[in-house]
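Undergrad: Here are the chains, one letter per residue:
Number of protein chains: 2
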Amino acid sequence: MDTGESVKKGSFTLPGEAGYEALTLELAERWGADAIRDSDGTVLSDEIVAAGFNIYSTICLVRIDNAWARANPDKLQQNFLMSYPVIAEGDAASIDLLSGYFREQFRVNVGDDPKAWWQVFDRTTGEEVPADLWELDAERGVVTVRDTQRWHKYTVNFLAYRIWEAISMYNHITNGWGDREHLMPIDPIYPETQAFILNYLEKWLQDHPRTGIVRFTSMFYNFAWFWGDSPELRYVYSDWGAYDNTVSPYALREFSKARGYSLTSEDFVNGGLYCSSHNVPSQRYRDWMDFMNAFVVAFGRKCIDLVHAAGKEAYMFYDDHWVGTEPYGERFKDFTFDGLIKCVFNAFEARLCAGAQGVKTRELRLHPYLFPTGLKGEPTFKEGGDPTLDCRRFWVNIRRSLLRAPVDRIGLGGYLHLVQDFPDFVDYVEQLGQEFKTLRGIRRGGRPYTAPFKVAVLTAWGKLRSWICNGHMIHGLELNELIESLAGLPVDVEFVSFDDVLEKGIPDDVKVLVNCGRAHSAWSGGRHWQDGEIVSRVTEWVAQGGGLIGIAEPSACELGGQYFQLAHLLGVDRETGRTLSKDKPLYKKASAHFITQDVTGEIDFGKDVDGIFVTGSATHVLADRDGSPRVSAHNFGTGRGVYLSGYKFAPQNTRLLHRALYWAASAESDFGPWTCSNIHTECAHYPGSNKLVVINNSEKKQETLVLNSNGNPIEVSLDPLGIQIIDL
Amino acid sequence: MDTGESVKKGSFTLPGEAGYEALTLELAERWGADAIRDSDGTVLSDEIVAAGFNIYSTICLVRIDNAWARANPDKLQQNFLMSYPVIAEGDAASIDLLSGYFREQFRVNVGDDPKAWWQVFDRTTGEEVPADLWELDAERGVVTVRDTQRWHKYTVNFLAYRIWEAISMYNHITNGWGDREHLMPIDPIYPETQAFILNYLEKWLQDHPRTGIVRFTSMFYNFAWFWGDSPELRYVYSDWGAYDNTVSPYALREFSKARGYSLTSEDFVNGGLYCSSHNVPSQRYRDWMDFMNAFVVAFGRKCIDLVHAAGKEAYMFYDDHWVGTEPYGERFKDFTFDGLIKCVFNAFEARLCAGAQGVKTRELRLHPYLFPTGLKGEPTFKEGGDPTLDCRRFWVNIRRSLLRAPVDRIGLGGYLHLVQDFPDFVDYVEQLGQEFKTLRGIRRGGRPYTAPFKVAVLTAWGKLRSWICNGHMIHGLELNELIESLAGLPVDVEFVSFDDVLEKGIPDDVKVLVNCGRAHSAWSGGRHWQDGEIVSRVTEWVAQGGGLIGIAEPSACELGGQYFQLAHLLGVDRETGRTLSKDKPLYKKASAHFITQDVTGEIDFGKDVDGIFVTGSATHVLADRDGSPRVSAHNFGTGRGVYLSGYKFAPQNTRLLHRALYWAASAESDFGPWTCSNIHTECAHYPGSNKLVVINNSEKKQETLVLNSNGNPIEVSLDPLGIQIIDL
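Those protein sequence lines, which keep their order, are chains X and Z. Convert by adding 2 to the 1-based position in the first sequence; the result is the number in the numbering used here. Convert by adding 2 to the 1-based position in the second sequence; the result is the number in the numbering used here.
Only chain X is shown next, with the shape it has when bound in the complex (with noise of 0.2 Å):
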């Protein structure tokens, strides 16, 4: 660090542990903690709570007394699950519905009606099977079948309970927590479950003096994550955002007296695709997330005026048991959280944080965790992890973003013993401590130089998903990619969905739209392409100047001849075998671009999409690949449009990026103030206080120049993973 204000103390949460109360008092004084936390398997002690910190208390609401939970099996939370498909051999079929699960998760609701709320179906034409042809063995938890077609294959549609909270079960057995209790979730949906959770909540209040933040991990519905009973596929189906885990007779039942229509197993399940994120969400679908939405807004309302009306602070962790809350909804802000807590690797995890309304106080949970292992099992804090490096990688990740959008605190979590063989890690952290603070300081003396144009994601999911595709960052998912970029980037960014373009348009101070993904994804957008008034909205905007970056297959489905249905906006379609009796039109590779000037070698989006072709010879080709055009840009009326044929996040492509923003906003002659030249490093200019900060995101040594508002250069050094300050 060079310079910059020097805040020892303040805006960092440390977790405490009991029986190691001297190590977390000695880290609170180094790393600057002002508030110190419990974590899931720790506890505070007195001599802790006592030493004069903001005391942060977690809770888990769902999960706050297994008694409770044994004495009402009925009001465990419940998910509709597929069985495994089971080929009639015959005129019958026994299926046992919990093969394949993890039958320490699951167990099979055999109270509520089958016939009311299961299905059965043949897999292999896709119909129902009726009723009245199929058992249960509620003994067995097997489904019979009869009258079955021989060689197809039948699944049952089913409520289970879940007899193991999801996340504990996943701390359980990564600590080896051997016979501690298995702990339950309750759903709050019922009357009884939300009388007796504020009973607890109000009386834990009483019994927590000390606490001045109540952070809720989170609040009721977990996202789904359904495990299998195989070493070779412990996870079957898991989703961030998904609202799979919130179904119950009771729930279905009440979203039918409130919209007038009922929703079916099939509804959740969807032939087994459940209702992951990434695929194009039914209209039916949104309106239960609405629906369940509006409920744990509305509990979880009642939950937090306690907190308040014991003087107490409510934040919650965006993560676990988040769903229904939606930060990026409409209704979150009526919850009156103080905080929200978001665990992050990357910048675009930060931007999602310090993105969401409704709270004054944005805290990141840095990793990694204080575990001896990680998220996929790697060694963190034991023999063979490196948990410094993880560390120095994880906040080089998130600096980027932070120089853009401002969070307010950043903490830890886990057991803070484990850092006592780790003592570079200590080191580190203090440092990292202090660029927070420094960064956070020169944030709040105003907004950096930023694009004088602003940028708009198109998918499915629109403001919804802002700077998030499916929890963790997901490697090669290109938009995942794409937003990891743009969180860094100078630019304003926001999140717009289809529907939001037919309501609308395409807001006025958007200059560049982007549509990235795969065919029939949430975020490419699937069956909306089928929609000729989104089609011609985008064609009308982009024909009166606005700029389209497709990425992968934008706008794709099959609708005619065309697969990407704004072929006649990027000046390039894709070739996936339907149209192999058409010749594609030549081209010329263009000899310099814009776009491209600061590519150096050969472009690596990772994976490409291929099989790309130009529609004329108005498209100019800027690199490809065996005949297959990876880099295009293309004119339609006085708006622009490029393509891209994957996305990786790389200096090089956010620089690619970069360019592409401003070509295709018409905006060329605005790009260079306060940009480095090297691409390794990237940099913000504040005018409020008129500083320069710059970074290298490399693990080397880097030199770069950095263009003032007038064209001159400032030279500048940096260490591996380092930071200047410059008053300018």
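Be aware that a few hints might be false.
The list treats identical chains as one, so a pair stands whether inside a single copy or across any two.
[What the hints assert, rightly or not] Cut-off 35 Å, straight-line C-alpha distance, at most; resulting in silico cross-link-like pairs (DSBU-like, lysine-lysine):
1. Lys259 / Lys584
2. Lys384 / Lys584
3. Lys650 / Lys586
4. Lys591 / Lys650
5. Lys506 / Lys465
6. Lys335 / Lys362
7. Lys586 / Lys609
8. Lys205 / Lys384
9. Lys584 / Lys335
10. Lys586 / Lys117
Keep in mind the hints are simulated off the structure, nothing from the lab.
Add chain Z to chain X, keeping to what the hints say.
TA: Structure of chain Z alone, referenced to chain X:
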């Protein structure tokens, strides 16, 4: 040539050329010709005709008399074209119908009521525009659409006469025929045209007393070949098997009367996809094909009756105007053709000719054609060309198939005088002719050793498109690459359709079923896989001992959570983005397997389908890349499934396929006899004559071992591209 009978003369068709009489007769002698033909652009002089050879005369009935064509412009052949899309920028759109098309090929048919036959579509929504909202300006060939939706794309399906017959247009342009008259194709659907053609033919037969064989080039309707006006897009649409060129209001009316329902322009245009053979045909299109096939055979028979009545033989060229003849259809025998001639580059094309029923003589027209340039414009008989090398390579491709399936004759076409500058070509053709006659002689002695089971290839086309995909080799098209391998393997192969499976099941003698192609193609099957009856039939058959080989995207379609509808048989499925939230079972690679026993180094399938995952631990992965299986084996019931992620014709892959067929058939113990140890060599054992033919497919010398029926090895040395014929 090391042994075998020497047959100097016979079975060779030479293209003669007036003005080069001495050359013609000299080469007829050297190449052992017994027949001399003319070609498009050449004539035979009296001297040649009188020289004692059988005379083949070519005739193309639809371009015989341009004066008649000019006098009957409403009897020219027609097709539906889709205009290039026009985007409406206001409330009307003006569409220049022929814009983008080669105006020397097409003339808009303004004579038949456009409102009755044409259709205008909003391609942005896919909806048809009511006929009262558009008008044709016949003079300008422009359609104006009223009340358009702004920024929507509009196209017109319209009828166009073809005013330049495609093959003579190609020959004219390729050979620079300058201002030679453009021949126009007349349509035999009209009684007047039929009368004219029959009259003309009768007279022509009288005028060609020395002609022994009338070679029809071919019957009436050429494969679809729509040209563009841009040098960047010369061929807009070409499809060797498509019936686009067979339509006319007259025929469409006849169809309605015969079939009781009417077809529309969109049945042929398909949003601009036209009738591509690569796409799954609709039942309506199949009905049309059947209707036109009945007409072509019925009227063709009248022509052939005249030929026979004149004491001559009738041969058909299995190319160009072959559409509607369907040599693999039920009616082909009704033509009473005497011979069938196929121009060939590859083994699969030779099998296509050899397998056609209903003729007594089958002839291959070899390449290169005696033209200055080849089909793709590359030099052949001119500076920079190496026609001898081309010829050797084509021959070695074709030769493999001749070991399995015999043909009767070979020949050449084009301008004979071009060979004068290429004496090594003259020498090579002499040698090739000898080789052909030797092999034919051996093959006539009886069938070679063949696998004790049959293989069926399942496509949407079935038998009708046996041994062909869509014209000459399409490199990279998995099924085309596959049938090229199959064409030389010692297995009997048949081609079955989904309808065949539904009507008749899988034939009793078939032990291996192959499904090979990309999703939604006619080759993989597309929507047919949504038919539960197909899936369950194949499932039952495999459960009871059948073998399934799936290649690329076998049985792929979106139905439920599966993508490969036969994933339960193959043991693999594909991630296309729909199941990203579902984890995939881990797998271990098998250390060795019968199928991959002869593989050395990395398998090269050209382009692989990626994102493949195993369905469980019962799937044995034999080869993979980046976590995606490339070759796998799986048991189901008493049958077996094999998956290959792609296919390219290459020696190692041919061997891998050979072994996969035996493994799928549970016939590993039968594998070995009459198989070469060296994958660059192949052999055939003829039990009837007890001869062993061993061929070297490579351009290097090769040593190989052949195991006889007792397992004893026979050592064979082969020259580059060489052959050995061994008496056992």
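Undergrad: Within, between, both or neither: how does the pair Lys586, Lys609 come out at a Cα-Cα threshold of 35 Å?
TA: This pair counts as both: shortest intra-copy Cα distance 23 Å, inter-copy 19 Å.
Undergrad: One pair to classify: Lys506 and Lys465, alpha carbons no more than 35 Å apart. Within, between, both, or neither?
TA: within (13 Å within a copy, 54 Å between copies)
Undergrad: Can you tell me if Lys586 and Lys117 fall within 35 Å by alpha carbon in one copy, between copies, both or neither?
TA: between (55 Å within a copy, 32 Å between copies)
Undergrad: Cα distance capped at 35 Å. Does Lys384 pair with Lys584 within a copy, between copies, both, or neither?
TA: Cα proximity of Lys384 and Lys584: across copies only (30 Å, versus 59 Å in one copy).
Undergrad: First find the shortest C-alpha distance between Lys335 and Lys362 inside one copy, then the shortest across copies, and answer within, between, both or neither for a cut-off of 35 Å.
TA: within (10 Å within a copy, 85 Å between copies)
Undergrad: Between copies, within a copy, both or neither: which fits Lys205 and Lys384 at Cα up to 35 Å?
TA: Answer is neither: 39 Å inside a copy and 97 Å across each miss the 35 Å cutoff.
Undergrad: Should Lys584 paired with Lys335 be assigned to within, between, both, or neither, using CA atoms and 35 Å as the limit?
TA: Result: close only across copies, 33 Å inter versus 54 Å intra.
Undergrad: At most 35 Å between alpha carbons: which applies to Lys591 and Lys650, within, between, both or neither?
TA: both (22 Å within a copy, 29 Å between copies)
Undergrad: I want to check one pair: Lys259 and Lys584. Are their C-alpha atoms no more than 35 Å apart within a copy, between two copies, both, or neither?
TA: Answer is between; shortest inter-copy Cα gap is 33 Å, intra-copy 53 Å.
Undergrad: Check Lys650 against Lys586 for me: Cα-Cα at most 35 Å, and say if that holds within a copy, between copies, both or neither.
TA: Both: 28 Å inside a copy, 23 Å across copies.
When each numbered hint is compared with the structure, a violation occurs for hint 8 only.
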